[in-house]
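Asks: In case you want the letters, here they are:
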Amino acid sequence: MKIRPIFNLFVLAAVVVSVGCTKSAPSKNRTVEISGAPADEVLPNEAYLRKLSFHLRGENPSSEEYEHLASAEAAGDSSEFFDETIKKYLKSPQFTSKMSLRVNDLFRIRNPALLSHWARHAKEYESATQFNVDFARDLELSSFSYLVSQVVSQNQPWDNLLRTQTFRVYNTKKFGPNGQLFGLDDAGLFRQAYLGPLPPSRIFSPGSHASDETSEFVDITFPATFVQGAGVLTTARFFDRYATTLLNKNRRRAAAIYRIFLCDDMVPVAAGNANDPTEVLKLAFPTKSSGSGATLVSQDMHGSDPACMKCHSKLDPVGVAFSTSPFILSARPSVGVLNTEKLDGSKTSTSYRGFQGLAQALTSQERYSACQVQHFWSWFIGDDRALDSNRQNELMATFDGVGRRTGDFVEALVRSPEFREAPSTVREETLAELQTLVKPILKRCDTCHASSPEEKIPTLADDMIGGSEQSHIRNVAKISKALDLLNGGVGAKMPPAEARWLLTRDERSLLYRWTTKVARGENP
Amino acid sequence: MFHYKWLILIFGLALSPLSLAFGETAEPVATPTPAPPLPTVVKTMGQPVTIAWADGREAQLEVSSTIAERASLAMAISENVCEPSQRVMCEYHSGLSVATYRLAWTKNPDAARIGQTVRFGNSAVTMREDLVAPITWTFVDNTLFPGRHEPALADEISCPSWEWLGQGAKLPTSLTVPAISTEFMLQNPNTQQVENKTIMTATDVVWEKTESDALRIRSLGRFDSYISLGVNAVFIGDVMKWNIEKSTNQYCDIGFKVDIGLLRVRYQGILDRSMKGPFSQVIYDGKARYEPSQLSQVLDLVADMHSARTVYE
Numbered sequence: 001m002k003i004r005p006i007f008n009l010f011v012l013a014a015v016v017v018s019v020g021c022t023k024s025a026p027s028k029n030r031t032v033e034i035s036g037a038p039a040d041e042v043l044p045n046e047a048y049l050r051k052l053s054f055h056l057r058g059e060n061p062s063s064e065e066y067e068h069l070a071s072a073e074a075a076g077d078s079s080e081f082f083d084e085t086i087k088k089y090l091k092s093p094q095f096t097s098k099m100s101l102r103v104n105d106l107f108r109i110r111n112p113a114l115l116s117h118w119a120r121h122a123k124e125y126e127s128a129t130q131f132n133v134d135f136a137r138d139l140e141l142s143s144f145s146y147l148v149s150q151v152v153s154q155n156q157p158w159d160n161l162l163r164t165q166t167f168r169v170y171n172t173k174k175f176g177p178n179g180q181l182f183g184l185d186d187a188g189l190f191r192q193a194y195l196g197p198l199p200p201s202r203i204f205s206p207g208s209h210a211s212d213e214t215s216e217f218v219d220i221t222f223p224a225t226f227v228q229g230a231g232v233l234t235t236a237r238f239f240d241r242y243a244t245t246l247l248n249k250n251r252r253r254a255a256a257i258y259r260i261f262l263c264d265d266m267v268p269v270a271a272g273n274a275n276d277p278t279e280v281l282k283l284a285f286p287t288k289s290s291g292s293g294a295t296l297v298s299q300d301m302h303g304s305d306p307a308c309m310k311c312h313s314k315l316d317p318v319g320v321a322f323s324t325s326p327f328i329l330s331a332r333p334s335v336g337v338l339n340t341e342k343l344d345g346s347k348t349s350t351s352y353r354g355f356q357g358l359a360q361a362l363t364s365q366e367r368y369s370a371c372q373v374q375h376f377w378s379w380f381i382g383d384d385r386a387l388d389s390n391r392q393n394e395l396m397a398t399f400d401g402v403g404r405r406t407g408d409f410v411e412a413l414v415r416s417p418e419f420r421e422a423p424s425t426v427r428e429e430t431l432a433e434l435q436t437l438v439k440p441i442l443k444r445c446d447t448c449h450a451s452s453p454e455e456k457i458p459t460l461a462d463d464m465i466g467g468s469e470q471s472h473i474r475n476v477a478k479i480s481k482a483l484d485l486l487n488g489g490v491g492a493k494m495p496p497a498e499a500r501w502l503l504t505r506d507e508r509s510l511l512y513r514w515t516t517k518v519a520r521g522e523n524p
Numbered sequence: 001m002f003h004y005k006w007l008i009l010i011f012g013l014a015l016s017p018l019s020l021a022f023g024e025t026a027e028p029v030a031t032p033t034p035a036p037p038l039p040t041v042v043k044t045m046g047q048p049v050t051i052a053w054a055d056g057r058e059a060q061l062e063v064s065s066t067i068a069e070r071a072s073l074a075m076a077i078s079e080n081v082c083e084p085s086q087r088v089m090c091e092y093h094s095g096l097s098v099a100t101y102r103l104a105w106t107k108n109p110d111a112a113r114i115g116q117t118v119r120f121g122n123s124a125v126t127m128r129e130d131l132v133a134p135i136t137w138t139f140v141d142n143t144l145f146p147g148r149h150e151p152a153l154a155d156e157i158s159c160p161s162w163e164w165l166g167q168g169a170k171l172p173t174s175l176t177v178p179a180i181s182t183e184f185m186l187q188n189p190n191t192q193q194v195e196n197k198t199i200m201t202a203t204d205v206v207w208e209k210t211e212s213d214a215l216r217i218r219s220l221g222r223f224d225s226y227i228s229l230g231v232n233a234v235f236i237g238d239v240m241k242w243n244i245e246k247s248t249n250q251y252c253d254i255g256f257k258v259d260i261g262l263l264r265v266r267y268q269g270i271l272d273r274s275m276k277g278p279f280s281q282v283i284y285d286g287k288a289r290y291e292p293s294q295l296s297q298v299l300d301l302v303a304d305m306h307s308a309r310t311v312y313e
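Just so you know, the protein sequences line up as chains P and S, in that order. Residue numbers for the first sequence, in the working numbering: 1 to 524. Residue numbers for the second sequence, in the working numbering: 1 to 313.
Take these hints with a grain of salt, some might be off.
In the BS3-like style, the derived pairs of lysine-lysine whose C-alpha atoms are separated by at most 30 Å in a straight line are [stated by the list, open to error]:
1) Lys310/P x Lys246/S
2) Lys347/P x Lys456/P
3) Lys276/S x Lys347/P
4) Lys107/S x Lys276/S
Below, a sample of chain P positions facing chain S; criterion: calculated Cβ distance under 7 Å [unchecked claim]:
5) Leu106
6) Thr245
7) Leu246
8) Ser323
9) Thr324
10) Phe327
11) Pro333
12) Ser334
13) Ala412
14) Arg415
15) Arg505
16) Arg508
If you're looking for bench data, these hints aren't it; they were derived computationally from the structure. Beta carbons: idealized from backbone N, C-alpha and C, even for Gly.
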């Protein structure tokens with residue numbers, strides 16, 4: 001049984017974009033079509049039940065559920081059983097927890113580790129398992145996690161992750177007489193911006209955090225006219241994860257927003273080791289010699305380099321939303337512009353005011369809808385199964401058709417033929433297909449290598465590099481080494497910094513699969 | 001501003017038996033009974049605050065007069081998005097107020113010790129320390145803890161010109177800065193990476209023009225901080241950012257590098273002077289500012305350090 005390797009044709013789109021920010025975006029350029037599976041290639045019922053349980057709950061079905069399935073099959077109709085089971089799983093706390101973990105991964109925020117003193121909360125839950133203890137603590141302490149859990153458990157529209165103006169915060173004893181905060185949490189984040197009554201402040205006393213009996217939940221709902229509350233964007237976990245500085249100007253936050261909500265990855269144009277920012281810094285802060293040593297020519301070169309501006313034209317106007325809120329949420333909204341592209345590649349700009357305005361601008365984008373569908377597809381169908389443009393359009397229609405409600409859309413996915421398809425029906429990409437996909441990348445290499453004939457490097461985008469099969473295999477091995485594909489590009493020597501472009505993770509994966517096939521001796 | 005070590009001491013106070021013994025009564029308060037017994041705190045309205053040991057020795061709480069000064073720090077504009085061409089070297093005059101509390105012997109078998117600062121230490125080692133507690137506060141502390149301290153000198157900024165503010169050549173009579181932030185290196189709990197991050201914001205900071213054409217801080221809306229270790233809470237890090245409203249909902253940033261190393265040097269000088277006194281009795285008057293923030297910091301030394309091996313001389 002072969003599982004088809006990760007295969008993302010959107011790489012093609014990213015390559016066409018040339019330098020600058022590349023999109024791991026939902027793309028209409030996917031070409032691999034896999035039709036609905038024939039009846040004899042559908043997962044058997046038991047396997048389907050197991051897959052449902054793992055994808056929705058993260059655990060095996062119970063023996064009783066297997067028995068109920070067997071009874072339903074014996075009665076000649078298992079569809080009713082699966083209807084009930086899917087609905088039951090979607091309502092389970094495990095589904096909420098599993099989705100919370102997925103969202104944490106998406107936001108690249110750390111999943112909470114167990115703190116021993118929280119074990120005492122176990123008694124408050126019906127089933128005092130470790131699962132409940134961890135989950136409860138996470139829910140209780142984090143407005144971010146609470147918000148995600150509400151969207152999932154109550155089958156709310158997925159857009160509420162961005163749009164909700166209602167938050168539950170855990171009000172600790174961190175506040176002094178004037179409400180000053182020591183340490184960032186959700187209550188502190190909101191205290192400046194929220195104009196309504198928060199519970200009475202308590203005297204700050206270091207060490208008192210060990211006793212949290214007087215801490216309490218506070219529900220905060222911003223009035224509709226107030227534009228500074230916007231779902232996960234205005235939670236302490238987001239602020240803390242994507243901290244800002246005077247130099248950064250909230251670009252890190254903006255980049256996270258583009259990546260998470262528009263599937264638009266911002267990649268620095270300077271090449272080199274990903275762990276070594278030297279090349280990026282050289283570009284951003286070119287130096288010149290002077291009597292007293294190297295000095296900055298300019299404090300910030302962003303804005304004058306077209307390659308830089310491919311991303312900064314997007315990042316900077318979105319970072320503006322946070323300009324008055326570098327540390328805590330400000331009551332003062334900023335105005336900015338959301339610059340992005342439609343799925344057909346045409347540019348679009350949407351003005352916004354405040355975080356809520358930004359959230360509305362994001363959720364109204366076609367690309368947002370496509371991106372979120374892509375996330376759900378990755379979670380429930382898998383990245384090893386390409387999402388073609390037609391299917392993407394269908395799913396976007398489904399997403400909208402169910403009012404973007406989280407559980408309803410997940411239900412549609414786990415009922416889809418792709419979810420029920422037996423793994424053996426997934427076709428492995430051919431070398432010829434890979435060759436077609438890597439050509440645009442190799443043409444980028446040729447733009448430099450072709451101009452330096454003294455290095456005697458053949459045209460890399462040729463079907464047979466160097467003209468013969470032996471030469472082709474030899475050159476492909478060189479490419480693999482220069483890009484350090486075996487180590488995920490950590491020690492890559494190519495492309496050099498002056499090339500002003502980088503391989504994306506998907507491009508590197510594509511090249512790895514191609515070089516592996518060539519090394520195996522497969523013929524194009 | 002509290003020196004960081006007093007924050008640690010407050011932590012100790014919260015957990016100490018002595019903190020439970022504080023009360024409004026004129027009677028000496030009994031304490032738990034480790035051996036030897038803890039000294040007791042005697043607070044009688046209108047009388048000096050006194051510490052009494054079981055062996056008959058007594059000491060009273062005294063306080064130095066307040067030293068209030070401004071430390072002038074070099075303040076360079078490192079980045080100016082509001083007026084990019086305008087970068088000048090200014091001075092930030094950080095207001096600092098310091099007073100020192102101490103325990104002084106009033107009854108001691110060694111007559112020479114009377115009036116001297118109580119020294120404490122471990123019986124196993126010869127090193128002894130004076131039982132003193134210097135308290136530092138600034139304008140920010142006055143705002144955060146109103147009534148706890150005497151008034152502090154407000155911070156000022158003086159510059160050779162003011163175009164950098166983006167308000168024209170003339171210094172405005174009043175200037176509201178929506179947000180002032182500073183940065184510090186901290187570990188990101190999500191990534192475990194140590195990184196620079198904004199960890200303090202003072203909002204709606206109102207500055208007023210002085211007669212000498214400087215800006216003096218008049219008020220601030222809120223102050224929020226991840227940590228509070230600076231001598232002046234405004235300077236947790238040496239990178240400071242002002243967020244200026246250029247027009248409605250349009251903001252720009254001005255960045256400064258401030259020589260906070262000099263602040264610590266100046267602070268140490270003021271501290272040394274304050275520790276030398278002169279000192280006067282602290283008369284218990286039931287006012288909040290002696291209870292518990294300052295008094296307890298000294299008294300907590302007694303409780304916190306107390307053990308069978310602790311000596312007071």
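Asks: Run every hint past the structure and note whether it holds.
Replies: A quick look at each hint next to the structure:
1. Lys310/P x Lys246/S: 27 Å, holds
2. Lys347/P x Lys456/P: 41 Å, violated
3. Lys276/S x Lys347/P: The given pair, whose Cα atoms are some 70 Å apart, is violated under the 30 Å limit.
4. Lys107/S x Lys276/S: 22 Å, holds
5. Leu106: 13 Å, violated
6. Thr245: Holds. Min distance 5 Å.
7. Leu246: 4 Å, holds
8. Ser323: 5 Å, holds
9. Thr324: Thr324/P check passes; min Cβ-Cβ to chain S is 6 Å, inside 7 Å.
10. Phe327: Phe327/P check passes; min Cβ-Cβ to chain S is 4 Å, inside 7 Å.
11. Pro333: 6 Å, holds
12. Ser334: Hint on Ser334/P: holds, closest Cβ of chain S at ~6 Å, below 7 Å.
13. Ala412: 32 Å, violated
14. Arg415: 35 Å, violated
15. Arg505: With a closest approach of 18 Å, the Arg505/P hint is violated.
16. Arg508: Given a least distance of 22 Å, the restraint on Arg508/P is violated.
Hints 2, 3, 5, 13, 14, 15 and 16 from the list above are not met by this structure, while the remaining hints are.
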